[in-house]
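Residue numbers (the numbering used here), protein chains in the order written: chain Z, 1 to 110; chain L, 1 to 117.
These are calculated hints, taken from the structure and not from any lab test.
Warning: the hint list may mix true and false statements.
Claimed, not checked - DSS-like mimics (lysine-lysine), calculated; alpha carbons at most 27 Å apart, straight line:
(1) LYS15(L) / LYS3(Z)
(2) LYS71(L) / LYS97(Z)
(3) LYS11(L) / LYS83(L)
(4) LYS17(Z) / LYS97(Z)
(5) LYS78(L) / LYS44(L)
(6) LYS68(Z) / LYS44(L)
(7) LYS78(L) / LYS97(Z)
(8) LYS78(L) / LYS56(Z)
(9) LYS56(Z) / LYS41(Z)
(10) LYS44(L) / LYS97(Z)
(11) LYS41(Z) / LYS11(L)
(12) LYS83(L) / LYS62(L)
(13) LYS11(L) / LYS3(Z)
(14) LYS97(Z) / LYS56(Z)
(15) LYS44(L) / LYS41(Z)
(16) LYS62(L) / LYS3(Z)
(17) LYS15(L) / LYS71(L)
(18) LYS44(L) / LYS71(L)
(19) LYS68(Z) / LYS78(L)
(20) LYS15(L) / LYS83(L)
(21) LYS62(L) / LYS97(Z)
(22) LYS71(L) / LYS3(Z)
Said to hold, decoys possible - Among the chain L residues that face chain Z by a calculated CB cut under 10 Å, a handful are:
(23) SER7
(24) TRP22
(25) PRO43
(26) ALA93
By construction, the Cβ of each residue, glycine as well, lies at the ideal position given by its N, Cα and C atoms.
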Amino acid sequence: ELKVEQNPLFLSMQEGKNYTIYCNYSTTSDRLYWYRQDPGKSLESLFVLLSNGAVKQEGRLMASLDTKARLSTLHITAAVHDLSATYFCAVESGFQKLVFGTGTRLLVSP
Amino acid sequence: EAGVAQSPRYKIIEKRQSVAFWCNPISGHATLYWYQQILGQGPKLLIQFQNNGVVDDSQLPKDRFSAERLKGVDSTLKIQPAKLEDSAVYLCASSLDRGLAGAVEQFFGPGTRLTVL
Numbered sequence: 001e002l003k004v005e006q007n008p009l010f011l012s013m014q015e016g017k018n019y020t021i022y023c024n025y026s027t028t029s030d031r032l033y034w035y036r037q038d039p040g041k042s043l044e045s046l047f048v049l050l051s052n053g054a055v056k057q058e059g060r061l062m063a064s065l066d067t068k069a070r071l072s073t074l075h076i077t078a079a080v081h082d083l084s085a086t087y088f089c090a091v092e093s094g095f096q097k098l099v100f101g102t103g104t105r106l107l108v109s110p
Numbered sequence: 001e002a003g004v005a006q007s008p009r010y011k012i013i014e015k016r017q018s019v020a021f022w023c024n025p026i027s028g029h030a031t032l033y034w035y036q037q038i039l040g041q042g043p044k045l046l047i048q049f050q051n052n053g054v055v056d057d058s059q060l061p062k063d064r065f066s067a068e069r070l071k072g073v074d075s076t077l078k079i080q081p082a083k084l085e086d087s088a089v090y091l092c093a094s095s096l097d098r099g100l101a102g103a104v105e106q107f108f109g110p111g112t113r114l115t116v117l
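Full structure from sequences and hints, please.
Put into structure tokens, the structure is as follows:
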């Protein structure tokens, strides 16, 4: 059974700082997705990573995938308050099925 | 393009009552998913439909939960009877079949927040 773990579970950081969220998974997959969820809202797709070594960037967020290490990272550069949200990684397992991680709650303060 | 629609947005019931949720996916999306998201956790897949058929319902508590997708479009998820531990947000998502790029990007609806008292 595929297990997806994220760390940290909670991240409090100051504006302007950099940090990385890690997503580890237990069985082979070469498709990984990152989602953002604001409090009381639904999930918004951020990145789709489809192969080993894939790197995607949007604004202050950059995601990468290492399928051999079964690891994805979401790097935050020069954080701003608007990035405060919960971030989920999800790994594709079976036929178009996603298994979600535990989520990382990010709080960016001045 | 209209997104995934769900109703109701909120529902409060007492345990042992029944409840139903409705989902209308993005037009043209063949695959529809129902997820349960308990507070502080990631979404957990309950059931996945491909057009009218069930692809995966391995995590659906079939003694109390049921779902259907008539005509391959709208879907309903029912809980009967509800338990306290069913309190959660129920999310519906839809996706196209895998395209040339190989992605299966799922688009989520706003969810239904269920409270069981």
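Each hint, compared with the structure:
1. Of the pairs offered as hints, the one joining LYS15(L) and LYS3(Z) is violated, with about 31 Å between alpha carbons and a cut-off of 27 Å exceeded.
2. Straight-line distance between C-alpha atoms of LYS71(L) and LYS97(Z) comes to about 22 Å, which keeps the hinted pair within the 27 Å bound.
3. The suggested pairing of LYS11(L) with LYS83(L) holds, with an alpha-carbon distance near 14 Å, which does not exceed 27 Å.
4. Proximity of LYS17(Z) to LYS97(Z) is assessed by CA-CA distance (about 35 Å); at most 27 Å being required, the pair is judged violated.
5. Taking the CA atoms of LYS78(L) and LYS44(L), the gap is about 16 Å. The hint holds against a cut of 27 Å.
6. Taking the CA atoms of LYS68(Z) and LYS44(L), the gap is about 25 Å. The hint holds against a cut of 27 Å.
7. With a CA separation close to 21 Å, the supplied pair LYS78(L) and LYS97(Z) stays within the 27 Å bound.
8. With a C-alpha separation of about 39 Å, the suggested pair LYS78(L) and LYS56(Z) falls outside the 27 Å cut-off, and the hint is violated.
9. With a C-alpha separation of about 24 Å, the suggested pair LYS56(Z) and LYS41(Z) falls inside the 27 Å cut-off, and the hint holds.
10. Among the hinted pairs, LYS44(L) with LYS97(Z) is consistent with the structure: their alpha-carbon atoms are about 11 Å apart, no more than 27 Å.
11. Our distance criterion of 27 Å between C-alpha atoms is met by LYS41(Z) and LYS11(L), whose separation comes to about 16 Å.
12. Between LYS83(L) and LYS62(L) the CA atoms are separated by roughly 14 Å; this keeps the pair inside 27 Å, and the hint holds.
13. Only pairs whose Cα atoms come within 27 Å are accepted, and LYS11(L) paired with LYS3(Z) is rejected, the gap being roughly 31 Å.
14. Restraint check for LYS97(Z) and LYS56(Z): satisfied, since their Cα atoms lie roughly 22 Å apart, inside the 27 Å limit.
15. Straight-line distance between C-alpha atoms of LYS44(L) and LYS41(Z) comes to about 16 Å, which keeps the hinted pair within the 27 Å bound.
16. At roughly 23 Å between alpha-carbon atoms, LYS62(L) and LYS3(Z) fall within 27 Å of each other, so this suggested pair holds.
17. About 32 Å separates the Cα atoms of LYS15(L) and LYS71(L), which puts this hinted pair outside 27 Å; it is violated.
18. Of the pairs offered as hints, the one joining LYS44(L) and LYS71(L) holds, with about 25 Å between alpha carbons and a cut-off of 27 Å not exceeded.
19. Distance hint between LYS68(Z) and LYS78(L) is unfulfilled; the C-alpha atoms sit about 41 Å from each other, more than 27 Å.
20. At most 27 Å may separate the alpha-carbon atoms for a hinted pair to count; LYS15(L) and LYS83(L) meet this at roughly 5 Å.
21. As the CA atoms of LYS62(L) and LYS97(Z) are separated by approximately 19 Å, the hinted pair is consistent with the 27 Å bound.
22. Restraint check: the Cα-Cα separation between LYS71(L) and LYS3(Z) comes to about 34 Å, which exceeds 27 Å; the hinted pair is violated.
23. The beta carbon of SER7(L) is not positioned within 10 Å of any beta carbon in chain Z (closest approach about 14 Å), and the interface hint is therefore violated.
24. Hint status for TRP22(L) relative to chain Z: violated, with the closest Cβ pair at about 15 Å, above 10 Å.
25. Interface restraint check for PRO43(L): the shortest CB-CB distance to chain Z comes to about 5 Å, inside 10 Å, so the restraint holds.
26. Of the supplied interface hints, the one on ALA93(L) holds, with its beta-carbon coming within about 8 Å of a beta-carbon of chain Z, less than 10 Å.
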